[in-house]
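Visitor: Using this note's numbering, the first residue of the sequence shown is number 12, and each one after it goes up by one.
None of these hints come from the bench; they were simulated from the model.
Among the hints, a few may not be true.
As the list claims (entries may be wrong) - Computed cross-link-like contacts, BS3-like style, restricted to lysine-lysine with a CA-CA straight-line distance of at most 25 Å: (1) 373 <-> 403; (2) 62 <-> 159; (3) 379 <-> 742; (4) 1040 <-> 976; (5) 379 <-> 62; (6) 1017 <-> 976; (7) 1017 <-> 236; (8) 1018 <-> 97; (9) 1017 <-> 977.
What the hints assert, rightly or not - Cβ pair distances, simulated, as ranges: (10) 38 <-> 869: 42 to 50 Å; (11) 379 <-> 947: 39 to 47 Å; (12) 17 <-> 243: 52 to 60 Å; (13) 851 <-> 379: 32 to 40 Å; (14) 998 <-> 438: 36 to 44 Å; (15) 245 <-> 438: 50 to 58 Å.
From a predicted model like this one, the values you see are computed outputs, not experimental measurements.
Ideal placement from N, C-alpha and C gives every residue a C-beta, glycine not left out.
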Amino acid sequence: MNPGDKVRLKANPARVGILGNETDGPAHRQRVLVSFLDGSEDFVLPSTLEKVENKPLRPYECIERGRFSGEDDLRAAITFHRLSGKLANLIYSLNTTNTQFLAYQFKPVLQFLDSPCNGILIADEVGLGKTIEAGLIWTELRARLDAKRLLVVCPAMLREKWRDELANRFGVLAEMVDAGDLLKKLQAVRERPQDGFAVIASMQGLRPPRGFNSPDQVSQRSAAKLARFLEDAEVDEPLLDMVVVDEAHYLRNKGTQTNLLGRLLRPVASSLVMLSATPIQLRSSDLFNLLNLIDEDAFPYEESFRYSLEANAPIVRLRDRILAGPITRTDFVEGLDEALEARFFEDNEQITYLRGHAPSNKRLADPKGRAELADQLDRINPLSKVVTRTLKRDVHEGRVVRAPYAIRATMSGSESDFYEQVTEAIRGYCVARAVSTGFMLTIPQRQMSSCMAAACRAWQKKHAALEQDELEETLYDLQGDLLEEKAPQPDEMGSLLSALVDIAREVGDYETLRHNDSKYAELLKNLRIYWADNPGKKVVLFAFYRQTLAYLAERLREDGYASVLVQGGMDKQQALARFQEPQGPSILLSSEVASEGVDLQFSSLVINYDLPWNPMRIEQRIGRIDRIGQEAERIMIWNFMYADTIDERVYDRLLDRLNIFTCALGSMEGILGEQIRELTQDLLTHKLTPEEETQRINQASLAIENTNRQQEELEAQATQLIAHSDFIQNKVRAAKELGRYIRGEDLLSYARDFLIVHYPGSRFVPSDRDPMEYDLELSVQARVEFAEFVDLYRLQGRSQLLSQRPKPLLFENRQGNPSSAFERVTQDHPLIRFVTDRLRQAGKSPAKFPVSAIDLAAFEVQGFEPGIYVFGIYRWTVSGTRDIERLEYVVRPFQNDCFVDGELAEHLVNTAALCGSQWLSVANELDTEAAAAYFDACRDQLDERFDEFQSAQGREDRDRLKMMKKALQSHLDKQVERLITTIQSHRSSGEERRMRMIPAAEGKLKKLRNRFQERIAELELKSGGSSDKNFVTGGVIRLL
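Hey, can you work out the whole structure from these sequences and the hints?
Guide: Below, the structure is given as structure tokens:
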């Protein structure tokens, strides 16, 4: 060895340096200076060094010669392959967001990744966190595909909720936009494809106006311009990486403008996630219409959808039998034979293979084996990955008990007179003008039912006109679907509400009603008793109307109780933070709009000061406190109503009888909504006697009970479209236990090892505040190249590392709001992406040595005896219609012929990488020749597993390809037919203006056909598929 040679320590080959000229020590035992690549220098004995040759290091040879590195290289190898790829058996969103770990919330993530159409309908019940599930999918896409552009479409009342959730839980700073703003951003993407953004828009604001593309009258409204742009962009590359549609049931009716909005957005979005709490009904056109929006190719016609479900029924029955308990091999084969009878599956390779390789009776009796077989059967029909649904009963062990109480206020004489006289005056007003009483009567009736004194004061002060969001929430309760255009017109409402001013002045006396407010008296009395028994406990009160809330805040303040008011158009988060403070006000007064998406599980009493008749609204209110994280064993629900009124009869005969307050029927709103609307119309717009009202309510109650029973049966049938839940949730739990995610420690080692070795002069200076916080000083070369990388990928604003005074870096792989004290480094931070990009260009792992020897305390892992274990890790890649990458682990105990189960093997190696230390004396204490032989056996074992894996993936891929080609052809035929019809219509009109539009339509037709041919060619290219396996790392682990 000569000065200037690259050398390494024999005992620790990962420590590489440059041999210097200087020496130290006596002449007979001189040490030479080595400048190590990590920046340190040391005088070492020449006999402990070896020259680094350029020839590749062979893992078998290294083990045989007893040459190992330590835990840093093991961790670096694993982390590099995790960060540089898109591993199928890694959940990149796990433990990276500001959310509580709940396995069922990752079920949609795994379903989405398996979805054949990059789309999913999440139909979980209210209160289970559909917003979080959508955020986790976005987090996964950012990590896997570097997704940049997110659009959330939701009812206007939910925009603030989405903005706050994305920022607080996922570190996504989203902007609320209208149609004009969104149009500008999408137009900019065409010019600058690297641009990224997250935006939130309302359905109402984006919904295209009718006739937006009419050649006779070109609308200049922003929503019309956006719609025309989206229509033109449908054959281009997608402009959005993901679109989330919340409350997606508003898109369920074909022919509505809201449904049209979904159809315009789908072609310009790579991925679509739809959220809805409505139940799954396979025979419902509503469900088909939503799935048709997600993937028109896979769900082209309602008839073909039903046929595919019927064809899949034998597979589902077989899956359910397997999950229910052991079955015989004969039963299994007969179930597959039944499926093969359908033309839909006649050439399905997966079923044919399963039939020819039917599992043994032993495997069919083993719970784990049955779960794996159930998942295999689910994968036969990839459409089962398009819908996911979780019910509260599936995830709540020891669910919170709901205790409803009816509090009935007996009207005072003045209240009774006012109620009856206003009702009669409104009926008279409608009759005199020959208009339908309908909604004209229902809204003032509901205002009086909420608070008579507040309604009277509002009308007398000419505040009768409702704010827009108040009107929306009122119609939502009465009509069930404020987005469908059936609401009263502003002119109609204006004339009635103006008349109310005169009526109220004639028959009402605010001061008298206030003095004799029987409902408020009951509220005050009960609150005083509650707070005497539960001092400091927080109470949440809901009412429909702003005037009611303002009145209650005023009365409570006069009686010595501070309150927090939350309603539309105010800073909701600031008000909620004040309410949540231990010393803050004890009661929250909330409108319906403001309550959407709010988590108030620190309270255990909710008050319905006015009574929604719509079960969905009731569930939304109760769901604010009956949520994941509610610690009370019992929550109370106080329902206020005036005695001997329609409200009381509806409560007793309908809501209470159906256990609406205890059994969470809220998710049935889509089914019960029409019956509730009809009941509302009959009760509030006809002059019925109390007996007639009771009879009508009883009829509605019986009808709803029957509907509920039918729905339970339909829910059971929905398993035909929904994959087996428990198996998926167990995969999530296993991923967490096995460490299948990226930690802050991994990111720190990954970045530090790379920068110090490849950019000498870069320094990581630890902070005193946190062991994971560092000041990073980049070398001149690193700074220049990092700046170029940031400019190339337009990552400006994502990091302050290049600023004059950069903040310390906190290596914490958890998304959240930015901090003024530090810059958080997560798996998608520009610095991590820069390191991965450079390593990928170099084509190698940052690990300096191929094998490691690790000492690990036995208590760190369960299920293993102390001893020596040989391991190997390979990266498998299979390409086709989907590209799949995974890390595969194998472990074999020393002097044992049995290999360790795959997940246990992974657990052992990952724990060693995280918690182990280098086994420095391995060369003297290990039979290295035997260890090398065991390592080679591990490689043989992985080769066998790989052959099985690629064969199974190939069968699934070919079946998927056949399905995709059929669907693509069907989609092309429909699009071509539509364009040809448009061209013929232009020609037959004879109008010069429309004739000039023909070339554009013909160009679009040509572009569509070309794109189809390209897509088919892409699929054909992938049809052969390819597969590869690459060595990642290996070594030995000694459990002590």
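Visitor: Does residue 1017 pair with residue 977 here, judged by a C-alpha cut-off of 25 Å?
Guide: 21 Å, holds
Visitor: Does 39 to 47 Å hold as the CB distance between residue 379 and residue 947, or does it fail?
Guide: 29 Å, violated
Visitor: Is residue 1040 within 25 Å of residue 976, Cα to Cα?
Guide: 29 Å, violated
Visitor: Going straight from one Cα to the other, do residue 1017 and residue 976 come out at no more than 25 Å?
Guide: 19 Å, holds
Visitor: Checking one constraint from the list: CA of residue 1017 to CA of residue 236, max 25 Å. Satisfied?
Guide: 24 Å, holds
Visitor: Does the alpha-carbon distance linking residue 379 and residue 742 stay inside the 25 Å limit?
Guide: Satisfied, since the Cα-Cα distance of roughly 12 Å is no more than 25 Å.
Visitor: Take a look at whether the Cβ-Cβ distance between residue 998 and residue 438 falls inside 36 to 44 Å.
Guide: 57 Å, violated
Visitor: When you check the alpha-carbon spacing of residue 373 and residue 403, does it fall within 25 Å?
Guide: Roughly 34 Å between the alpha carbons, so the hint for residue 373 and residue 403 is violated.
Visitor: When you check the alpha-carbon spacing of residue 379 and residue 62, does it fall within 25 Å?
Guide: Distance of about 51 Å is beyond 25 Å: violated.
Visitor: Between residue 38 and residue 869, does the C-beta distance stay in 42 to 50 Å?
Guide: Holds, at about 47 Å.
Visitor: Is the hinted range of 32 to 40 Å satisfied by the C-beta distance from residue 851 to residue 379?
Guide: For residue 851 and residue 379 the Cβ distance comes to about 37 Å; the hint holds.
Visitor: Given the hint of 50 to 58 Å, is the C-beta distance from residue 245 to residue 438 inside that range or not?
Guide: 51 Å, holds
In this structure, the hints that do not hold are numbers 1, 2, 4, 5, 8, 11, 14, in rising order.
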